[in-house]
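Generate coordinates for the entire structure from the input sequences, incorporating the hints supplied.
For the protein sequence lines, the chains are G and B, in the order given.
Just so we're aligned, residue 528 is where the first sequence starts under the working numbering, counting upward by one.
Just so we're aligned, residue 432 is where the second sequence starts under the working numbering, counting upward by one.
For the record, the hints were derived by calculation from the structure and aren't laboratory data.
Glycine included, each C-beta is placed from N, C-alpha and C at the ideal position.
Honestly, I wouldn't trust all of these hints.
As the list claims (entries may be wrong) - Selected chain B positions facing chain G (Cβ under 10 Å, derived; list incomplete):
id	residue
1	GLY476
2	VAL610
3	GLN620
4	ASN623
5	GLY644
6	HIS647
7	TYR648
8	PHE671
9	LEU683
10	LYS737
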Amino acid sequence: MKNSLIVKNLSISVPSAKGRVAVVDNVSFEIPAGKKIGMVGESGSGKSLTAYALMRLIKDPVSIDGGEIFLDGREILGLSSKEFRLLRGNEISMIYQDPMSALNPIMRVGQQIIESIQLHSPVSKSVARKTAIDLLASVGIPEPESRIDSYPFEMSGGMLQRIVIAIALSGEPKVLIADEATTALDVTTQDRVLTLIDKLAAERGLSVLLITHDLGVAAQFSDDIMVMYAGKLVENGSVDQIFSNPAHPYTKALLDSRCDYTIDVNKPIRSIAGQPPRPDNRPSGCVFSPRCAHAEPRCSASVPPLTSSQGRLTACFRADELFQVGAVN
Amino acid sequence: MSTELKVIASASGISRIFRGGSNEVRALDDVSFSLYEGKTLALVGESGSGKTTAARILLGLDTPSAGSVEILGQTLGTLKHEEMRLLRRQIQVVQQDPFSQLNRRHSVQRIIEGPLLAFNVGDKESRKKKVIELLEAVGLEKEHLRRRPHELSGGQCQRVAIARALALDPKIVVLDEAVSALDVSVRAQVLNLLRKLQQERGLTYFFITHDLGVAHYVADEIAVMFRGRIVERGTREDVFENSKHHYTIGLLASVPLANPQAVKSNNEQVQTLPSPAEGDACLYRTRCAVGMDRLDCKSTTLTLTKGTATHSWLCHSPQGS
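Written out as structure tokens, the structure reads:
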């Protein structure tokens, strides 16, 4: 199958009192063309930095220490910023969490879309305006001919996120990254925006990387799921495998600690003891071992590699053994 | 709620109108609710539905345009400054943002001691003892005493805020989106802690949240707000398993569940419109699949329907009618 995005051994570090510490540690994955991949994990797990690396937005003092990213077979980390600028928006683009801060508050929304269209293709302003109106209609803005002249403050959060999506799509990218794109929205609005991204992805054959801390959003939206913990990719499998039959103890613990309206209210929620380790204080061996109910001496002695187990990729020494006795599923 | 429960605070017919130029926003429109001793009332709804305004009024931080609030037998707005100050000992708050609600220049000890100092409780020794006792109650340790907020994680800061709220042994704690900023695993810890503290201390919670899962877990009674009105209220079973108002149904259908097999039943997808409904009739009608074309939904003022002793709703054509 054609892969539109391949990430190999990506490592990102930040400076700390103890020297440079890894915040994304040797992460590899592929996003096949037309697939929707959900990346879940708690704050500090390295989700957003991975996305920023894909967009080449990592800036000093954060740095990419190693790895390669291939976009349609072309390595992008080695490109000059001038070369990459031709790809950003045209090949890969991103939607951010807060639509209000992604837009210029004193510029009409239409102008911001037109600006982006003209940046990607040499068309006249009137042609760009027409395209912008079409884009607004395709992202479900009612009365696009008049709404194009609105200012951001005249629109609701859900409408603004649609504008941001329209801008992201203006260069007709192949890969769309949505970094907590619906987190700031109300649940009913979130539902509609996710439905919209879903529809646009199907229509345009987009590959989507959906980054979210909300397990429900990931479960309803994605084909495949990647689970990040403390800078590591700990499990990568189909949405059914991850949610119905997790193999990594962290995935299992994360699912257990969710609080949606289907859980048993008469019992305490099975939370994970402790908290995720800070980047400058990561444990040796498996990063999850200090909080893991199934840890053995070998878990803190060496780092479990991401290997194939139970039909998906898991970074746990005991994955097969625990899976077979039903300890994690 | 059954009759043997003791009402500890109540709001009757409170409205809050914000005026700006020619605009008028009814943040709260004839809202009534009661808090029962040792129980949790959850107020759920989307942003702008009036949840936080209700909390601010209950805390005495804002004054209703109409209606009255009674806390522990005293009516807000009729109290002298000192009486109000003393009443505040009984009703404390935990806010959403773990960091901004704590003074970043104060140590954890000073933060938790704050309310004790404000009310001149005990001497230095006894206050320190109390702070350590609170710290342990919320699952932190002595070593955290000297830390400042920036040295703590979000979950730890939220525990400090809870400890501070409990310092004066209040009867009521207002939790305004108190777990919304926390990660899944930490949120679970804090929810378990809040439940444990409620059982141990007989606390009454007024829990404001946009997260229906959280409301489902914590609440004895749930009130669903839509544009300043409580449109449905009832027990967990009433609201989640026997929803009557179409907004509640749409809201529940919009929640994505962490189960890919869960059939998404969002045929009642909640609509938004550029011009929302106004007036005294149903404000949800323009987004409601059922009420959109009904004349009574458009023109007839709503009154609360009491379906059962615990369950009531504000709808002309409730589900199943």
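Chain G contact restraint on GLY644 of chain B - CB to CB distance below 10 Å: 4 Å, holds
Is the hint on GLN620 of chain B kept, meaning its closest Cβ partner in chain G is under 10 Å away? Cβ of GLN620 of chain B sits 4 Å from chain G, so the hint holds.
Under 10 Å is the threshold here; is the Cβ of LYS737 of chain B close enough to any Cβ of chain G for the hint to stand? 24 Å, violated
Holds or violated: is there a CB of chain G closer than 10 Å to the CB of TYR648 of chain B? Hint holds; TYR648 of chain B Cβ to chain G Cβ min 5 Å, cut 10 Å.
Report holds or violated for the interface hint on VAL610 of chain B, using the least CB-CB distance to chain G and a cut-off of 10 Å. Since chain G brings a Cβ to about 8 Å from VAL610 of chain B, closer than 10 Å, the hint holds.
Please check whether LEU683 of chain B passes as an interface residue: C-beta within 10 Å of a C-beta belonging to chain G. Where the cut-off is 10 Å and the nearest Cβ of chain G is about 7 Å from LEU683 of chain B, the hint holds.
Go through the hint on ASN623 of chain B and say holds or violated, using the shortest Cβ distance to chain G against 10 Å. Nearest chain G Cβ about 5 Å off; hint holds.
Status of the GLY476 of chain B interface restraint (C-beta, 10 Å, chain G): This hint holds: GLY476 of chain B lies near chain G, its Cβ roughly 9 Å from the closest one there, short of 10 Å.
Given PHE671 of chain B was flagged as interface, is its beta-carbon under 10 Å from a beta-carbon of chain G? At 6 Å from the nearest chain G Cβ, PHE671 of chain B passes the 10 Å test, so the hint holds.
Close enough to count: is the Cβ of HIS647 of chain B nearer than 10 Å to one in chain G? 4 Å, holds
When held up to the earlier numbered hints, the structure conflicts with hint 10 and nothing else.
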